[in-house]
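Respectively, the protein sequence lines represent chains A and B.
Our numbering numbers the first residue of the first sequence as 1076 and each following residue consecutively.
Our numbering numbers the first residue of the second sequence as 366 and each following residue consecutively.
Please note that the accuracy of each hint is not assured.
Said to hold, decoys possible - Per label pair, the in silico range of CB-to-CB distance:
#	chain 1	residue 1	chain 2	residue 2	range
1	B	Thr486	A	Tyr1308	14 to 24 Å
2	A	Thr1084	B	Asp648	24 to 34 Å
3	A	Trp1287	B	Gln457	26 to 36 Å
4	A	Tyr1308	B	Gln457	39 to 49 Å
5	B	Asp760	A	Trp1304	48 to 58 Å
6	A	Tyr1308	B	Arg792	53 to 63 Å
7	A	Gly1195	B	Gly637	28 to 38 Å
8	B	Gly637	A	Val1271	45 to 55 Å
9	A	Pro1297	B	Glu684	20 to 30 Å
Worth flagging that the hints you see were computed from the coordinates, not collected in a lab.
For glycine and all other residues, C-beta sits at the position ideal for the given N, C-alpha and C.
What follows is the residue order along each chain.
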Amino acid sequence: MTNLLKTSTVLRWMLAALGVVVVLSVVQELARPTTIDLISSGTAESTLRRAVPILLAGLGGIWAERAGVVNIGLEGMMVLGTWFGAWGALEFGPWWGLAIGIAGGAAGGLLHAVATVTFGVDHIVSGVAVNILAPALARFLSGEVFSGRSGGGITQSPRVESVGSLDLPFLSGGDLLGWGTPNLFGWTASQDWLLVSDVAAVLSGITRSLSWASLLALSLIPLSIFILWRTPYGLRIRASGEHPVGADSLGVSVYRMKFTAVVISGGLAGFGGAFIAIEQTGVYREGQVQGRGFIGLATVIFGNWQPAGAFLGSLLFGFADALQLRDRTAVHALLLLVGIVLIGLAVRAGVNNKRSSAAMLLITSAVVLWWYAVTEEVASELPPITPHLATLLVLIFATSRLRMPAANGLRYRRGQE
Amino acid sequence: MAPDSTTPPVVQLSGITKRFPGVVANDRVDLQVANGEIHAVVGENGAGKSTLMKILYGMIPADEGQMLVGGAEVRFSSPSEAIDSGIGMVHQHFMLADHLTVLENVILGAEPTKRGIIDRTAARRDLEDLGRSYGLDLDPEDFVESLEVGERQRVEIIKVLYRGAKVLILDEPTSVLVPQEVEKLFHNLRELKSRGHTIIFIDHKLDEVLAIADTITVLRHGRTVATVSSSDVTTAELAELMVGSELPKPSTEPRVPDPHVTLSVRSATVLGDDERPLVDAVDLDVYRGEILGVAGVEGNGQGELVEAILGLRALSEGELFLDGEQITHWPVRRRREAGLGYVPEDRHRRGLLLDAPLWENAMLGHQTQRPFARGAWLNRSGAREATAQIVADFDVRTPGVDTKARALSGGNQQKLVIGRELSAQPRMLIAAHPTRGIDVGAQAAVWDELRKARRNGMAVLLISADLEELIGLADRLVVMLRGRVTAEMDPSTATPRLLGSHMTGASADEQGTKE
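Okay, chain A solo, but in the shape it has when bound (with noise of 0.2 Å):
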């Protein structure tokens, strides 16, 4: 068994999102009644469908900063996403609007990598050109074009379609060939077993009703890892990213490795934005990116530079999002999840015979349940600002053992050591 879970990184990953799955429901059932939306399907359903722009933002910035190119742009990026992606759905439909989002978040791409690549401009300088330039941009764009349209204005677009969704048949009832099959998951979860009911209801969350974009950026996962860690244009992009100078010695070009990277980087992050426009909002409203691609690179870090912990630090971040939007009495018990997961890492650190750090944790520890214990309600304030108070604290636990390509965010210059 112990083998198996060495070889098997998909079965490492399963156990794992099962262990949440039963520590959410042990919360669950001991915050009753007050709280009933911490692990359900809608909570599941609405955690997905937050954590896909941050996902794809995730992406772009590994795929950008594995090739050494610090994007910082990715806000700017996906803002372009918003925009493109909001006018192609409205004049071709929502397929179109997520292909020229796309190409939208490119162009932002392909700017910042001619100013960094091609004229050696600072990353950061550049990337905070491209925040700039991009929301001013869209605004321009939207007098442009929205302003005389029903609904439409300086600042917001008509509404749009979305591109639709699928029920999994025979998981989650969908029709195969115009049979309606069987409900699985939905049948298990409407039984109220411990344990089994909640999982099937996480799994019927995340399997009915799933927007076709949804699937399309989960793919993306895999594909980036398969091309990133399988072929050789992905090893010469990591190398690039590790030791440019080396890979140029071995004739590896590596300005078109990291230009080829940025724009990809780019169109990740487009496709985050148009994402929320087309399948969050139905909607481009000015401002409505809201820092995602910043909690993107977050959860870069937070992953080290690997897709799947990108998707992690993505899914921790929608999920503190669906709680937030859906109940705020969840929030409330979100504080009784948090003061459990302090007591873990606190065991953790003492069996590592770290007392120090064990010692501080506990006190933390004490300090959230008692806040759980003596209150009502947190104050209103909080919900909001939960998905980014959750991204900062797993960053500072999670910072210490990273490990970033090694010639991230300096210029190259060819010919110059």
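Using the hints, position chain B against chain A.
Chain B in isolation, oriented as in the chain A frame:
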């Protein structure tokens, strides 16, 4: 297999000229390398060896001249063209990505694929075949990060062989190795030669060159001085060809014993990020007017020890005393003001602000003291005068004190750093690799200054990878291995070989029986 003189030379360079702004790096250089020989190119730092090799490997283009490889004229515009002609290069600074595996580093740029996917099985098989046939054992799945210096060099050689190179250029391959590893490298090179490879070997350690090379070409000031067969010359003759006169040697006069301890390090321990000791209970005493040499393979705690003494790193255990005063918890500035001088190992990163003028650089570390400061304010004119004094006293060749540090040659930059530290008349000087990467003339000047300071009663802690320098200059020697001081030696009886075996820990048993 003896060098083959009947076939045309495998590499023939004639009239190669390369100019950089202000200098002629190669001035009509000729080089002829016969098939299947080991050909050494020797010369001092700055003689143009590396430039010539970079031209041959297509990294920089020549301004003038002709290159023939296997009898056909070539003109490389990138290394990949040189690789296609069967020329490969092992760089002095390894071109390896630490966080990729050995396999990934080797196949990069020439990946075997199967339907667009990297064919790892085939790559691993090829690597293991190469390793077996040349005696270069490596695990393809190891991360380069975890390899020792000698192993990394083997990765570089395999990288070159994997691309089918027949001619291997090795740029100062022994500079990073201890004597035992050098022998292993030479063994590998002879193996390569016996299989018909040609090796061009750059070095300036003459006994090594005579031990391995068949033919030797000497460069001086960018010109070819001579090409000789290694059986026809002695070390002394080669040295004369290289510098045009006798080589300066590090040496020092006997020391008058002085019982005063200037710096005392008591059971100093420094922990790394993973809580493992990088410096492990080190005890050292440096006496007044003494140079204490620290030998060790890089990364065995010398750097961390220096940082701890200077106050850049905290000691987790142990104490430091300067002239009997407890300085363990003093901040860096207070230590510097109390008379601690520091010549850092990496002058570009730690020693200088490359884009600042010399007078600002001369101020660093003394920015709170006269004549650089007046109260809370910097004293510009005072700083300029003091800098001019350093430039004059330490023979820093520069157009003026407003010149950017970057514009100076390595030797002159180092003289400025040494001048800055010594002109403040510290009681204790920590000199980490003070002559690394500078030319022979500057090297002799640095040695002179250290000797002069020692005569005046300064205590010096000298960390160096140049074993000749350590043996020649130091009054006492200690060896650091895995963070501990593992041996103490008298330089008058120490040899580089003996030091080398202590540095690698190879002599642990031997040493036990001897002492």
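Hints and how they fare:
no.	hint	result
1	Thr486/B with Tyr1308/A: 14 to 24 Å	holds (20 Å)
2	Thr1084/A with Asp648/B: 24 to 34 Å	violated (48 Å)
3	Trp1287/A with Gln457/B: 26 to 36 Å	violated (55 Å)
4	Tyr1308/A with Gln457/B: 39 to 49 Å	violated (30 Å)
5	Asp760/B with Trp1304/A: 48 to 58 Å	holds (55 Å)
6	Tyr1308/A with Arg792/B: 53 to 63 Å	holds (59 Å)
7	Gly1195/A with Gly637/B: 28 to 38 Å	holds (35 Å)
8	Gly637/B with Val1271/A: 45 to 55 Å	holds (47 Å)
9	Pro1297/A with Glu684/B: 20 to 30 Å	violated (56 Å)
Hints 2, 3, 4, 9, counting from the list given before, are not met by this structure.
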